[in-house]
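Following the hints, complete the assembly by docking chain B onto the known chain A.
Chains as they are written, first to last, in our numbering: chain A, 1 to 143; chain B, 1 to 68.
There's no promise every hint is true.
[What the hints assert, rightly or not] Covered stretches of chain B (in silico footprint by chain A; criterion: 3 or more residues with CB under 8 Å from a CB of chain A, positions within the stretch not fixed):
1) 11 to 18
2) 23 to 31
[Unchecked claim] With the Cβ distance kept under 7 Å, some of the chain A side facing chain B (calculated, not the full set):
3) 70
4) 77
5) 81
6) 83
Hints in this document: simulated from the structure, not taken from any laboratory. This one's a predicted model, so the numbers in the text were calculated from it and none came from an experiment. Even glycine gets a Cβ: it sits at the ideal position worked out from N, Cα and C.
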Amino acid sequence: MKDFKAKLEKKMKLNALVCCLYPSVFLLCKLLVKNQNDFAQGLVFGVCTGAMVVSVYFLVRNYAALHDEEKLKKLYIELTDERNIEIKKESLNTSSTISMVVIALASIASGFFSAAISITLAAVLLVNAVITILVQLYYEKKM
Amino acid sequence: MKNKIQQLRKLRKVTQQELADALSVTRQTIISLENGRYNASLTLAHKAAQFFGTTIEELFIFEDDENL
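Pulled out of the complex, with its shape left as it was, chain A reads as follows (with noise of 0.2 Å):
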């Protein structure tokens, strides 16, 4: 539990330097991409808020476990149950194979009227297989 709390502690330093960075990062993107059309900025400021929304939320869960015994040991559990690891991971993994069909059919697809599509489509499908295989190979000479 320890070793748990010290995890928690690490993590909660981490998402509130986020939420800390969040408007000068922002305002720096902002600068970056002020020449850019309205899209690009949008996203911009999309993904800078969804960033922060996230660090708030474990920020505020994190902070309250650190001070309630009772929720943090529930946090505990809920984060080591070895069942909820396994169907995270057997999710995570059914789901990429999933997705990487459905890009592939969708790459297929888009090539009758779009070749940008159907490129970006496959280009995407590539990058997805090439980062699973140097998982595997990570976690093969880890294990």
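Chain B only, in chain A's frame:
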């Protein structure tokens, strides 16, 4: 894999939540274990065996065709 968790738990008048708390898992994990929908890891099997004061072999019934 079959197991005697439910049988031993009822014998000792322990609730699923109490067992879950003792093994640091969720109640849903205990339910899945008892229903045979989930196979425990070696660590959890060891913890469960210790809790009931028995051995892993006594608690979990390993069937030969499971390793095929």
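Next item on the list: May I ask you to test the interface hint for residue 81 of chain A with respect to chain B, counting a Cβ-Cβ separation under 7 Å as satisfied?
Entry: The hint holds - residue 81 of chain A has a Cβ within 7 Å of chain B, the shortest such distance being about 5 Å.
Item checked: Interface hint outcome for residue 77 of chain A [beta carbon to chain B under 7 Å] -> holds, 6 Å
Next item on the list: Hold the hint about residue 83 of chain A up to the distance rule: shortest CB distance to chain B must be less than 7 Å.
Entry: holds, 4 Å
Notebook entry, point to check: Regarding the hint that residue 70 of chain A lies at the interface with chain B, is the smallest CB-CB distance below 7 Å?
Noted result: This interface hint is violated because 11 Å lies over the 7 Å limit.
Notebook entry, point to check: If you look at each residue in the stretch 11 to 18 of chain B, do at least three have a Cβ nearer than 8 Å to any Cβ of chain A?
Noted result: violated (count 0)
Checklist line | 8 Å C-beta criterion, at least three residues: is the stretch 23 to 31 of chain B covered by chain A | finding: holds (count 5)
Checked against the numbered hints given earlier, the structure breaks hints 1, 3 and satisfies all the rest.
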